[in-house]
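Read off the chains here:
Number of protein chains: 2
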Amino acid sequence: MKRYGLVSIAGTEEAQRVINVTLGKEKADLALLDATILNVYTGEWLEGHSVCVKGEWIAYVGPDPGDTIGRDTQVLDARGKTIIPGFIDGHAHLMDQLYTVAEFLRYAMVGGTTTIITESMEVFPVMGYEGVADFLESLKDQPIKLFATAPAMVSTSKRAQGIPKRTLKRILSRDDVVGLGESYWQKVIGEPEEYFPLFQETLKLGKRLEGHSAGAKGRRLMAYSASGISSCHEPIKADEVLERLRLGMHVMIREGSVRADLASIATIRDAGVELRRLMLVTDGVSPGDLLEKGYMEGVVQKAIECGFDPIHAVQMATINTAEYFSLDGIVGGISPGKHADMVVIPNPREIIAEYVISKGQVIAREGELLKSPRRHAFREKSRNSIHLKRSLRASDFAIRVKDAAKDVKVRVIDQVTGLVTKELIVPMPVVDGEIRQDVARDIIKVAAIDRRFSPGKTFVGLIRGFGLRRGAFASTKSWDTSDIIVVGENDEDMALAVNRIFELKGGAVACAAGRILAEIPLPFFGLISDLPVEEIAGKIGEIKKAVKELGFPFDDPLLSINTLTGAAIPFLRICEEGLVDLKHGKTVGLIIH
Amino acid sequence: MKRYGLVSIAGTEEAQRVINVTLGKEKADLALLDATILNVYTGEWLEGHSVCVKGEWIAYVGPDPGDTIGRDTQVLDARGKTIIPGFIDGHAHLMDQLYTVAEFLRYAMVGGTTTIITESMEVFPVMGYEGVADFLESLKDQPIKLFATAPAMVSTSKRAQGIPKRTLKRILSRDDVVGLGESYWQKVIGEPEEYFPLFQETLKLGKRLEGHSAGAKGRRLMAYSASGISSCHEPIKADEVLERLRLGMHVMIREGSVRADLASIATIRDAGVELRRLMLVTDGVSPGDLLEKGYMEGVVQKAIECGFDPIHAVQMATINTAEYFSLDGIVGGISPGKHADMVVIPNPREIIAEYVISKGQVIAREGELLKSPRRHAFREKSRNSIHLKRSLRASDFAIRVKDAAKDVKVRVIDQVTGLVTKELIVPMPVVDGEIRQDVARDIIKVAAIDRRFSPGKTFVGLIRGFGLRRGAFASTKSWDTSDIIVVGENDEDMALAVNRIFELKGGAVACAAGRILAEIPLPFFGLISDLPVEEIAGKIGEIKKAVKELGFPFDDPLLSINTLTGAAIPFLRICEEGLVDLKHGKTVGLIIH
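Chains as they are written, first to last, in the numbering used here: chain A, 1 to 593; chain B, 1 to 593.
If we strip away everything but chain A, and leave its shape as in the complex, we get (with noise of 0.2 angstroms):
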């Protein structure tokens, strides 16, 4: 097995030449000369220092660089000019944003950053192993690095929960997976044999086991850290990073899309404690963010506004996550030997990447992009993972009762927030045999259907406060599970949307009345669009229309339904095999008996 991890040029047919530039026998390929330069293995600003390379590799860096500079060398004059590590995003979820790998970088490229470490869960319920590797090859030869860690499998489906311990290792031994993914507290520590034999192959291959650990604290938290876990990107508040940090974890500060709670955590600068085991991660932006506040480049500067000293800012965005994940024999400093991953910036507070070199090449400059992101073919399975035996129609989504009985006692997820939903327990009119929506109460349908392992396989469902006055919202991309959800006043509604989706091959539909109003598709696995990302920013944008328009009160209709299958969000779930009760660990039916 290949480690990424701790591999030097030692291995490479570059390593005698870089070595001959080190050595002044031969010429550097390119140098930044006499700039100020931050050492984060000291912790140093140093002045008046050049950096060389020689294909991929730094060379050289050091205030004399003169022996090595010579006709064919590309010269960068720095001087007054700051230089820093490319920055790493240690938990990024390049699958949950919509966009490709390609369009990303594009943005992530300008701003700096150079390494990405991304989940790839969200591909394995509905593919497997064979999502998991088409998704890892789309990461692949990148003007960039991109590692990944192995899915976990938490899911609120049992059909879907789980990973085979010969497919996780098949994951694990790749040279480009350096962990295995979030696995979510709960679920660890109430089937702890169901996971520790998956962490111990993980831990046997050198590889991290990224936590999950929001909510916990005191015995429960230390019990989970006990198993091996040594990361949480979860905490919130500065008290909560340091029982993690105690416990001996490290942790990433999140400022992303889904949450950003640098400012809350920043208080954790003035606690006295070493900050070498904290990390900068954005947990997944989203198209919009990454068009108005960019990437790393923004996490780092804000940190710097909330008061981390700029050193440690850059630190825990390059080389603490290195350590973390043994990547920082290749990334993470600026020294010989190491991957030409740099960020020239007009001084060390300002965050602004007038240069981004990457393998020893420059691609970007002044927010221009040089090199070009590589498209990835997605393989026709991928692009054709909509499975259903047949288009669906209006009766499938009635809820039958079988006894003649007038009135039922019925589970109704209750949206309380845009991610929360708790329990609600009504008593619901029989007619016709059927349950129906009931808008005036605000209680419309929800179904849970399955695209791959049962095609077609439904369950519905009933929800209160998502809002919806009329039409129907579905989407393919549902949080842990390989369903599609759709949820709707009118069946009608319901059926067409899906049917819609299962035209698109994928993608999320707003409709009512019988007519679309918003769509986005998402060719590839059902989750990812093919467009820009202006262009599905602009789509996020109508559907927001389309679905507050319906009805919906909250802001985010898409991360709202995509997340009503999600298996660490409190807490009455829907999975095609029915509603999922997290807060006790089991699947219950829609009707009380």
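Since the hints were made in silico from the structure, they are not lab data.
One should not assume that every hint holds.
As the list claims (entries may be wrong) - Result set (DSS-like, lysine-lysine): computed pairs, CA atoms no more than 27 angstroms apart in a straight line: (1) K545/A with K293/A; (2) K25/B with K217/A; (3) K204/B with K165/A; (4) K505/B with K140/B; (5) K217/B with K204/A; (6) K25/B with K27/A; (7) K25/B with K586/A; (8) K25/A with K583/B; (9) K381/A with K217/A; (10) K204/A with K359/B; (11) K217/B with K25/A; (12) K140/B with K204/A.
Predicted, not measured: the structure shown is a model, and the values here were computed from it.
Chain A is already provided as a structure; the job is to place chain B on it using the hints.
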């Protein structure tokens, strides 16, 4: 391949029970109550904290252990005491100080060392893989954890030089081997084609490359570090430490019997740089020093006396080393899920082990050993490692000159300090076709006799400055080669010394006028004694006294004779193939034509 590295309780049968204790569902086996605990992850002293242990593992750390303590829990009241993690020596030479591992551990354990990483190079030239394997077996199943690095293998002898890639892979794939041992910088820079493939093998397995960059600086040090070498234990001043840290290397501060550099390096504490990549190591402790100064507890104490904050001093001997070798999943800190390796000391500034806990057991109390190290039964081959075809005769040490010249110019090893040698070119008379010792000019004979590859193959040279005015001194413990080395004022005593060693199956012998003056048998590999540390120390004293009485002018005749073959000490050395000029990297003859 199993990596001990990041492996946690997850894979053990105890896992569920440890977590049950954490959760308060089961009782601890051992509890240390109400102490001040050093949290090495955050760099904090936490008062009023208790540590509860289940089996080998820490299950709980915090102020409220009540529900984990049952009738059968062994309770230690640690009120007013301080608890720190067990010490780690990141660079030991357990084969280089004559004692067996079991003997050594009697002292290491009572002082609070619970993890040791040792080189294994010494045995490779004399017995190859089989010898390394037998030595590694002696590290197993001990009350504390012992890891090794694989031999690199740098030798003065071409026959002994290098390690076959297959053999290296076999050694590196062991779960108790954490890296490739020290690769001397001159060789790496000079012959990258030989070393880089070995480096690549090591890095692919996620293991470390140990460095040895004594005297290297500037471009050459930069080239050496660029090769992927990640540590060095050779700096002797703070500026040398800083240069290496800036290159991204981890630096081991050496405080042992070969050198003691802590005092001169200690100013690094005030350099305003991060200390996270510094480690305290011994590089080997002699029997005498072990009796007098102890082991890692003495090093940590000295670091505090040299002005390091006790937190940093302990971190340098615990978590920093654990992280460097990717062992921090099990050792280096006191937190749930880690091995229960701890030292109870009176207060943060007094490193006196009152209790030592290793793998959950109290192994020492107030200097008294409570668990016995395992005595390894070395294989028969390891106990019969001195191969000569026959006993030697005085005539075997004759230096015959083919030409009938009266005077020849010869290269003489000039012993200028106890370790360093230079080249001296002098005319020597030829008498009866032979060059003889010339005690008046302090020029006597030195011979290297192969005891493995070509048993009995002998090269006889001349040495000045070793000082013997009568007798001879011989040893089987020659660095980096498979030679017996003998220095003598006359050929008869040289033969006697070697023949006595042959009888002893290894050892060091001083004799004069046909009489043995002092000796120490080294029956295991010809490197290790089967005697207790105290007796070894006594015998070393006798040898010192005897050889000094013969005229030896430096401090340690054993060290001086053993290093005559050393491949990393300047600069004229000897092996069975001839004289070795390390400055020019070539083997040369005695006579200059």
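For each hint, the structure was consulted:
Only pairs whose Cα atoms come within 27 angstroms are accepted, and K545/A paired with K293/A is accepted, the gap being roughly 22 angstroms. Annotation: proposed proximity of K25/B to K217/A holds, straight-line Cα distance about 17 angstroms (limit 27 angstroms). Between K204/B and K165/A the alpha-carbon distance is near 23 angstroms, which keeps this suggested pair within the 27 angstroms criterion. Proximity of K505/B to K140/B is assessed by CA-CA distance (about 25 angstroms); at most 27 angstroms being required, the pair is judged to hold.
At most 27 angstroms may separate the alpha-carbon atoms for a hinted pair to count; K217/B and K204/A exceed this at roughly 37 angstroms. With a CA separation close to 66 angstroms, the supplied pair K25/B and K27/A exceeds the 27 angstroms bound. The suggested pairing of K25/B with K586/A holds, with an alpha-carbon distance near 23 angstroms, which does not exceed 27 angstroms. Taking the CA atoms of K25/A and K583/B, the gap is about 20 angstroms. The hint holds against a cut of 27 angstroms.
At most 27 angstroms may separate the alpha-carbon atoms for a hinted pair to count; K381/A and K217/A exceed this at roughly 43 angstroms. Restraint check for K204/A and K359/B: satisfied, since their Cα atoms lie roughly 20 angstroms apart, inside the 27 angstroms limit. Of the supplied pair hints, the one linking K217/B and K25/A holds, its CA atoms being roughly 17 angstroms apart against a limit of 27 angstroms. This hinted pair checks out: K140/B and K204/A have alpha carbons roughly 19 angstroms apart, not beyond 27 angstroms.
Checked against the numbered hints above, the structure violates hints 5, 6 and 9; every other hint is satisfied.
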